[in-house]
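Novice: Start from the sequences and build out the full structure, keeping to the hints where you can.
Which chain is which? The protein sequence lines are H and Z, in order.
Sequential numbering from 0 applies to the first sequence in numbering that gives the first Met the number 0.
Sequential numbering from 0 applies to the second sequence in numbering that gives the first Met the number 0.
Since the hints were derived computationally from the structure, they do not count as laboratory data.
Quick caveat: nothing in here was measured; it's all calculated off a predicted structure.
Treat the hints with caution; some may be incorrect.
Note that identical chains are pooled: a pair holds if it fits in a single copy or bridges any two copies.
Said to hold, decoys possible - Cut-off 30 angstroms, straight-line C-alpha distance, at most; resulting in silico cross-link-like pairs (DSS-like, lysine-lysine):
1) 74 / 291
2) 318 / 216
3) 74 / 286
4) 57 / 210
5) 74 / 324
6) 74 / 105
7) 57 / 190
8) 324 / 286
9) 324 / 188
10) 286 / 318
11) 188 / 216
12) 190 / 216
Protein chains: 2
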Amino acid sequence: MSDPILVDHVRLRYFIALAFEAVGMPAADARTVASLMADADLQGSDGHGVIRLVPYLKRIRSGGVNLKPDIRIEKERAAMALVNGDNAMGHLVMKRAAEIAIEKAKTAGVAWVGTRWSNHAGPASLYAKMMLPHDMLGLYFAVGNANHLPPWGGVEMLLSTNPVAAAIPAGEEPPIVLDMATTVAAYGKVKAKASRGEMMPEGWMVDREGKPLLDPKRAAEGFLLPIGGYKGYGLALVVGLLAGTLNGAAMGRDVIDFNADAQTATNTGQAIVAIDPSAFGEVAEFKAAVDKLIRDLRGSERMAGVEHIFMPGEQSQQKAARQKKEGIALAPSLMQTLDRLAEQLDILPLRTN
Amino acid sequence: MSDPILVDHVRLRYFIALAFEAVGMPAADARTVASLMADADLQGSDGHGVIRLVPYLKRIRSGGVNLKPDIRIEKERAAMALVNGDNAMGHLVMKRAAEIAIEKAKTAGVAWVGTRWSNHAGPASLYAKMMLPHDMLGLYFAVGNANHLPPWGGVEMLLSTNPVAAAIPAGEEPPIVLDMATTVAAYGKVKAKASRGEMMPEGWMVDREGKPLLDPKRAAEGFLLPIGGYKGYGLALVVGLLAGTLNGAAMGRDVIDFNADAQTATNTGQAIVAIDPSAFGEVAEFKAAVDKLIRDLRGSERMAGVEHIFMPGEQSQQKAARQKKEGIALAPSLMQTLDRLAEQLDILPLRTN
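Specialist: This is how it looks when you write it as structure tokens:
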């Protein structure tokens, strides 16, 4: 493998936005989506960043995404809304859903916003984190865009990696940001392994006989394993019911595999929850308690050989800070793809030389 | 091991209520707690049923529980409440919290109720299931009452098994009820193994060197493992922040080990969420979609050797139905304990002969 190429994050954002504009996305929307995709790369969620640009563009050109959507509230009450994404890019739908949740939580204390007719929106943590500048807690649930998980004991892949994210503000400490698939590995990580030509560790996937599957290029022959066995199966199912079925979005057999089908609207469902800690007590006291907890955990006795006890999200935050300064590391093969894309679209290339 | 003794569930409920009344609990409260404890045994949550009676009574006699509590709403908004349990039995606090959540969800669409100064309340599923008769979805999170889980990479047990439960109503099918500790095994299951004289499977616990610990009688020498490794650690932490820290309840180092200390108020925190599907669309359509999903999963192709694909909660529901008819199976050693208890308290014994 050759060395990764470092790219400035602002330049990456600019490049992604130009690419979307070139296929007809309104400039403001292109900037929003590009910014969230570059944020994904910045924090190391490389399965959800610019690597998705080509498939997203393919879907747009195939008519699988609505570039002039009317993203609207279909149902609402004091503490909830159901947002119809009108088949827009998922990033736009979810940003809007998060904004609605924050507004409603300001008065109701807690708000839950579900989406339908949305699309893939990138890493779950991006949306849970939108609550943090408002001193709120965020939770996010989503139905994944391809089924890679059978029910426990089954071999038919009727469930996705349905992720969960949570963002909890701290005081002086960085926030706690959990972002996890309900499978041992997210499918994006399998794709990233394949693109880097690496093998997967045992425990990520099995074949239809239940035997370990290690080559990510053979991923289509097997399926992902849920965390904690039947528990992860239950969690993936419940997340899908909350984010999909409840909203009238696709779940189970109705999920469109967006890798195989670039035309059919995915009717992706997501759910975002905003919780205002000021409704429960003094925000400063809450944040101080989170700080204390973080320090207690981080400063506690470690197992022999362990250098540091990490908080959820700590490594992503460190990576984001480093890549903001030094540039985002992109695989040379990905850079070649983006070079060709720039030529095709006749836009300023990402590569500078 | 000798054969279990079968006990009628109504008789069990009556016995538990008498025991609580004998130590001064008001009759109505005793009936409520007894009913929830017997329900725990009925559904096979035997780590949380009558096996807890003696420790609960010990705590009550030690002054560790308030028998004349003023369970009250401390803070509230349209979609949330913070309930101060006044150190009552957790079952009473959580039943009240669930009722408040249901009432608020009827207008707000979704409601989140947190508790503090609560206590151990038995299996998580009992409270999530309280939404089902109201055609609502229920979620439940709790801080466990003893720390058995270190942060990932650590050896100091600063986290508990912090459980998650979810109940989702179906139409013609039984509801989906998930009830899971964020550890591979709940500590109650370790206790149940110990009381039955059985060994634990590998993967439940490790010792301080990270080596497998199989003897449940040596449980104090090691700690539980989280599901999915660092993911389960993150999940346990987030559940604790939502159910504990947010409510001003104990979390981390502040958690009282209720096995070791029967006097200090535990300040247990829990959170319950009620979601009204009628706010999102037609309830009948939602239930029909849940039915379809259940049938798709259950009827899907199975791995060789697998007899049946289970839904979360299906086995508990079957066990409850069977034990309701045939009686609840109690270990002879537990029955002896309850015989001695009946004598001490001078109440009608559970054993009939």
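Novice: Take the hints in turn and mark each one as holding or not.
Specialist: Now the hints, each set against the structure:
1. Proximity of residue 74 to residue 291 under the C-alpha cut-off of 30 angstroms is restricted to the inter-copy arrangement: shortest distance 24 angstroms between copies versus 40 angstroms within a copy.
2. Taking the shortest Cα distances, residue 318 and residue 216 sit within 30 angstroms of each other inside one copy (27 angstroms), while across copies they are farther apart (43 angstroms).
3. Taking the shortest alpha-carbon separations for residue 74 and residue 286, only the inter-copy value of 18 angstroms comes in at or below 30 angstroms, while the best intra-copy value is 33 angstroms.
4. For the homomeric pair residue 57 and residue 210, neither the shortest alpha-carbon distance inside one copy (34 angstroms) nor that between copies (50 angstroms) is at most 30 angstroms.
5. Taking the shortest alpha-carbon separations for residue 74 and residue 324, neither the intra-copy value of 43 angstroms nor the inter-copy value of 44 angstroms comes in at or below 30 angstroms.
6. In this assembly of identical chains, residue 74 and residue 105 lie within 30 angstroms of each other by CA distance both inside one copy and across copies; the values are 19 angstroms within and 15 angstroms between.
7. Only within a single protomer do residue 57 and residue 190 lie at most 30 angstroms apart by alpha-carbon distance; the minimum there is 17 angstroms, versus 56 angstroms between protomers.
8. Only within a single protomer do residue 324 and residue 286 lie at most 30 angstroms apart by alpha-carbon distance; the minimum there is 28 angstroms, versus 51 angstroms between protomers.
9. For the identical chains of this complex, residue 324 and residue 188 are intra-copy neighbours only, at 24 angstroms inside a copy versus 49 angstroms across copies, given an alpha-carbon limit of 30 angstroms.
10. Taking the shortest Cα distances, residue 286 and residue 318 sit within 30 angstroms of each other inside one copy (24 angstroms), while across copies they are farther apart (44 angstroms).
11. For the homomeric pair residue 188 and residue 216, the shortest alpha-carbon distance inside one copy (12 angstroms) is at most 30 angstroms, but the shortest distance between copies (40 angstroms) is not.
12. Taking identical chains as interchangeable, the C-alpha atoms of residue 190 and residue 216 lie at most 30 angstroms apart only when both belong to the same chain, with a minimum of 8 angstroms there against 44 angstroms between chains.
In this structure, the hints that do not hold are numbers 4, 5, in rising order.
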